[in-house]
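Colleague: Below are the chains, spelled out letter by letter.
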Amino acid sequence: MTTFNTCNAVKISIQTQDYRLADEVALLEKDNDIDGAVVTFTGRVRNKNEGLQVSGLFLEHYTGMTEKSLEKIILEAQERWKIGRISVIHRIGELVIGEQIVFVGVTSMHRQDAFAAAEFIMDFLKVQAPFWKKELTEKGEKWLDAKQSDNQQAQQWKN
Amino acid sequence: MIKIVFFAALREQLECAELSIPANEVSSVADIKTKLASKNEHWQQVFSNSALLSAINHDMVQKDAQVKSGDEVAFFPPVTGG
Numbered sequence: 205m206t207t208f209n210t211c212n213a214v215k216i217s218i219q220t221q222d223y224r225l226a227d228e229v230a231l232l233e234k235d236n237d238i239d240g241a242v243v244t245f246t247g248r249v250r251n252k253n254e255g256l257q258v259s260g261l262f263l264e265h266y267t268g269m270t271e272k273s274l275e276k277i278i279l280e281a282q283e284r285w286k287i288g289r290i291s292v293i294h295r296i297g298e299l300v301i302g303e304q305i306v307f308v309g310v311t312s313m314h315r316q317d318a319f320a321a322a323e324f325i326m327d328f329l330k331v332q333a334p335f336w337k338k339e340l341t342e343k344g345e346k347w348l349d350a351k352q353s354d355n356q357q358a359q360q361w362k363n
Numbered sequence: 049m050i051k052i053v054f055f056a057a058l059r060e061q062l063e064c065a066e067l068s069i070p071a072n073e074v075s076s077v078a079d080i081k082t083k084l085a086s087k088n089e090h091w092q093q094v095f096s097n098s099a100l101l102s103a104i105n106h107d108m109v110q111k112d113a114q115v116k117s118g119d120e121v122a123f124f125p126p127v128t129g130g
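Chains A and B, in that order, give the protein sequences.
Residue numbers for the first sequence follow the numbering used here, so the first one is 205 and each next one is one higher.
Residue numbers for the second sequence follow the numbering used here, so the first one is 49 and each next one is one higher.
Isolated chain B, as found in the complex:
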């Protein structure tokens, strides 16, 4: 399984903080995004936002980064701390 977590405005838009997907269905962050976007029209619209950032196991990554079973993959809007 791959654990997927969402933060801030993205979590509120999706009304979902986390979910899991089978690792054999995806190989990259981009695959996960495509799979999530296929859930319904609302999710498709939310994931069409190209500004969304992603991380694997707490490290920021690009869309082509590979994922494996046991990974925690996060999606979130550009950060606004400080």
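With the rest of the complex left out, here is chain A:
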């Protein structure tokens, strides 16, 4: 298990293997008695997309840029809110239905900051971090198209 960078309280991990939610929460809470709020988000592989049965996904990423873009998103969250620790895990490679794809965990003294920062990080991860999903469906393989709604969601934070 990757641990936190003690300088900036941030953990970023791009990995093929699964993670255990309980372990990640424990890592956010360990020796962290100042923060009363822990917010976590888990994204999973759905069984259907755009009406087609999905059997799994393949996730590609751009090594190096992925980490850099997540660092930038996290830095912006740290500038906007008073938050403690931040953890982002994104899986790559082949994933089947129900598997965990992404984890975002944020701690803060009070809940509002952690809720907002977690949502902000996910919204910008969706439109800026260089990951691409290829769906394995009943009709063959298909690269997913980006959703306009994800762009609109991220734009909302600029207001």
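Because the hints were derived from the structure by calculation, they are not lab data.
Please note that the accuracy of each hint is not assured.
Calculated pairs, DSSO-like style, for lysine-lysine (alpha carbon to alpha carbon, straight line, at most 30 angstroms) [what the hints assert, rightly or not]:
| hint | chain 1 | residue 1 | chain 2 | residue 2 |
| --- | --- | --- | --- | --- |
| 1 | A | K276 | B | K51 |
| 2 | A | K234 | B | K51 |
| 3 | A | K346 | B | K81 |
| 4 | A | K338 | B | K87 |
| 5 | B | K51 | A | K272 |
| 6 | A | K276 | B | K81 |
Chain A side only, calculated, beta carbon under 8 angstroms to chain B, not exhaustive [to be verified]:
| hint | residue |
| --- | --- |
| 7 | G297 |
| 8 | L329 |
| 9 | W361 |
A few chain A residues that don't get close to chain B, going by computed Cβ distances all over 10 angstroms [stated by the list, open to error]:
| hint | residue |
| --- | --- |
| 10 | V258 |
| 11 | K286 |
| 12 | D349 |
For every residue, glycine included, the Cβ atom is placed at its ideal position computed from N, Cα and C.
We have chain A already, so just place chain B on it with the hints.
Modeller: Coordinates of chain B only, in the frame set by chain A:
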């Protein structure tokens, strides 16, 4: 030299993951795109997609961004992670 890398659907359409071009032939991301599109009809069609994104040295950039020797320039479709 400038290293150029492609990802996901774009890499598959081009059947090419990376290539290099001489730095003295281009000055911006837009120049690189034009040069790549001139390779043949297929590449021209692929690069006519205005939704393609680009990055220099792992930072997302606009088309008018300047490039120099030693840069890594990436082209890829809109991202779909999370």
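Colleague: Does K272(A) lie within 30 angstroms of K51(B) when you go C-alpha to C-alpha?
Modeller: Holds: K51(B) and K272(A) sit about 19 angstroms apart, inside 30 angstroms.
Colleague: What's the verdict on K234(A) and K51(B), does the C-alpha distance respect the 30 angstroms limit or exceed it?
Modeller: violated (43 angstroms)
Colleague: Have a go at the W361(A) hint: is there a Cβ in chain B nearer than 8 angstroms to its own Cβ?
Modeller: Status violated, d = 15 angstroms.
Colleague: Is the interface hint for G297(A) satisfied, with its Cβ closer than 8 angstroms to some Cβ of chain B?
Modeller: Result: violated, 13 angstroms to nearest chain B Cβ.
Colleague: Going by Cβ atoms only, is L329(A) closer than 8 angstroms to chain B?
Modeller: holds (5 angstroms)
Colleague: Quick check for students: does the CB of V258(A) sit more than 10 angstroms from each CB in chain B?
Modeller: holds (14 angstroms)
Colleague: Regarding the pair K338(A) and K87(B), is the alpha-carbon distance no greater than 30 angstroms?
Modeller: holds (27 angstroms)
Colleague: Check the hint pairing K346(A) with K81(B) against an upper bound of 30 angstroms on the C-alpha distance.
Modeller: holds (25 angstroms)
Colleague: Does K276(A) pair with K81(B) here, judged by a C-alpha cut-off of 30 angstroms?
Modeller: holds (26 angstroms)
Colleague: Between K276(A) and K51(B), is the straight-line Cα distance small enough, at 30 angstroms or below?
Modeller: Cα-Cα ~23 angstroms, so holds.
Colleague: Please settle this one: D349(A) was flagged as non-interface, so is its CB more than 10 angstroms from every CB on chain B?
Modeller: Per Cβ check, D349(A) is inside 10 angstroms of chain B; nearest 7 angstroms; violated.
Colleague: Taking the shortest Cβ-to-Cβ distance between K286(A) and chain B, state whether it exceeds 10 angstroms.
Modeller: Holds, since 25 angstroms exceeds 10 angstroms.
The earlier numbered hints that this structure contradicts are 2, 7, 9 and 12.
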